[in-house]
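Asks: Below, each chain spelled out in residue letters.
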Amino acid sequence: MTSTLDILTSVLVKNGLLTAFAVVGITMWVSYVLSARLTRGHLQGSALAIMLGLLMAYIGGVVTGGKNGVVDIKLLSGIGLLGGAMLRDFAIVSTAYGATLTDMRKCGVSGIISLFLGVVLSFVVGGAVAMAFGYTDAVSIATIGAGAVTYIVGPVTGAAIGASSELIALSIAAGLVKSVMVMIGTPFFAKYIGLDNPRTAMVFGGMMGTTSGVCGGLAAVDPKLVPYGAMTSTFYTGLGCLMGPSVLFFATRALIG
Amino acid sequence: MIIYGVALLSICTLLGVLIGDLLGAAIGVKANVGGVGFAMLLLLFFSEHLKSSGRFVQQSSQGVAFWTAMYIPIVVAMAAQQNVLGAIKGGPMALIAGALATVVCFALIPVIDRIGRPELEPQPAEQQPSGQHRPGETA
Chain F
1 MTSTLDILTS VLVKNGLLTA FAVVGITMWV SYVLSARLTR GHLQGSALAI MLGLLMAYIG
61 GVVTGGKNGV VDIKLLSGIG LLGGAMLRDF AIVSTAYGAT LTDMRKCGVS GIISLFLGVV
121 LSFVVGGAVA MAFGYTDAVS IATIGAGAVT YIVGPVTGAA IGASSELIAL SIAAGLVKSV
181 MVMIGTPFFA KYIGLDNPRT AMVFGGMMGT TSGVCGGLAA VDPKLVPYGA MTSTFYTGLG
241 CLMGPSVLFF ATRALIG
Chain A
1 MIIYGVALLS ICTLLGVLIG DLLGAAIGVK ANVGGVGFAM LLLLFFSEHL KSSGRFVQQS
61 SQGVAFWTAM YIPIVVAMAA QQNVLGAIKG GPMALIAGAL ATVVCFALIP VIDRIGRPEL
121 EPQPAEQQPS GQHRPGETA
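Sequence order for the protein chains is F and A.
Numbering follows the UniProt record's numbering, with no gaps: position 156 of the first sequence is 156.
Numbering follows the UniProt record's numbering, with no gaps: position 59 of the second sequence is 59.
Just so you know, the hints here were simulated from the structure itself, not pulled from any lab data.
Please note that the accuracy of each hint is not assured.
[Claimed, not checked] With the Cβ distance kept under 8 angstroms, some of the chain A side facing chain F (calculated, not the full set):
1) A25
2) S52
3) I74
4) L95
5) P110
[Claimed, not checked] In silico BS3-like pairs for lysine-lysine, Cα to Cα no more than 27 angstroms straight-line:
6) K67(F) / K89(A)
7) K224(F) / K51(A)
8) K74(F) / K51(A)
9) K67(F) / K14(F)
10) K191(F) / K224(F)
11) K74(F) / K14(F)
Just so we're clear, the structure is a prediction, and the values are computed from it rather than from any experiment.
For glycine and all other residues, C-beta sits at the position ideal for the given N, C-alpha and C.
Just chain F, with the same shape it has in the complex:
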């Protein structure tokens, strides 16, 4: 019997991507059933599926002690390929097919304003929290501030200005909190900020920035809005990496002394 189980496991591991399709497909199905039965469709099936994904990631982290959620469970390593950067970017780009250039150009200016404001504001808020917790040096404050921008900007900035690895880990955690909150919170609060049109979606992408959070959140609100939010949010991390170790760090140092 053990050997049958071994063979099954080895088939699932060898065909990791197919296992991922099956697991994600079942997760989606369960979510849509739960959405219809328990919430009568008030909480979208896709939003529920993303939450289930995050919950599984948490369980994966607790079980394995790793950093990659369920991917650290050998049987589910194929999820890493399905949800990895390559296919994620591929699928995000494909959503542009449903967008129109005229809509994108109409919202260009507010999109760009939101990008700069989103990066600076997140940095300032993150830095202020660091100061409230007793950090007094510019390197620590800037690293945590950059982490509040996104979990990529945090380590890039921290490494560039010579922060300790403990600080970098904190900045990544701050960015992760943001990403998770945007994924979960967006479907609940979308109607309060009028997130139902391409323009607001672009502003949303620019203000929140965290690509995984923005795309996950928008997917749960209205998949048609994904390309607009993705468009601005994809420039956000780049802008953050550019401003974090330079302008924003220098400004912090000038202010702190």
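Could you slot chain A onto chain F? The hints should help.
Replies: Same frame as chain F, now just chain A:
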């Protein structure tokens, strides 16, 4: 053929990511700068061009549409590999820094939404066919 659509999507994504990496290297940032954004623009330009010249048929677009439909499942797979435990274990400071930044930016979205609106509202009247761009809009 469906593969034409998939190939077009792949070429646009690869080119976009390449542009993003090159731009990152050029300005000395250790990250891809807007690669996916460039790829999306490329796909928009190419597909509109091919459609208007009648060379992108229904079958080819199915190759793109499939991946659009796969987008949410891919996001679910992406969510399942986030370091959620790390986010929670980061302690109160990381939690508060991330949460506060999220809340403040989220609350300001309607404000920014309004800033852009008045100066752009009159434009739909003089809207031109796509493909041309006016100075100022993409500044």
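Asks: For every hint, state whether the structure bears it out.
Replies: Outcome of the hint check:
no.	hint	in the structure
1	A25	violated, 12 angstroms
2	S52	violated, 12 angstroms
3	I74	holds, 5 angstroms
4	L95	holds, 5 angstroms
5	P110	holds, 5 angstroms
6	K67(F) / K89(A)	holds, 12 angstroms
7	K224(F) / K51(A)	holds, 20 angstroms
8	K74(F) / K51(A)	violated, 44 angstroms
9	K67(F) / K14(F)	holds, 22 angstroms
10	K191(F) / K224(F)	holds, 16 angstroms
11	K74(F) / K14(F)	holds, 10 angstroms
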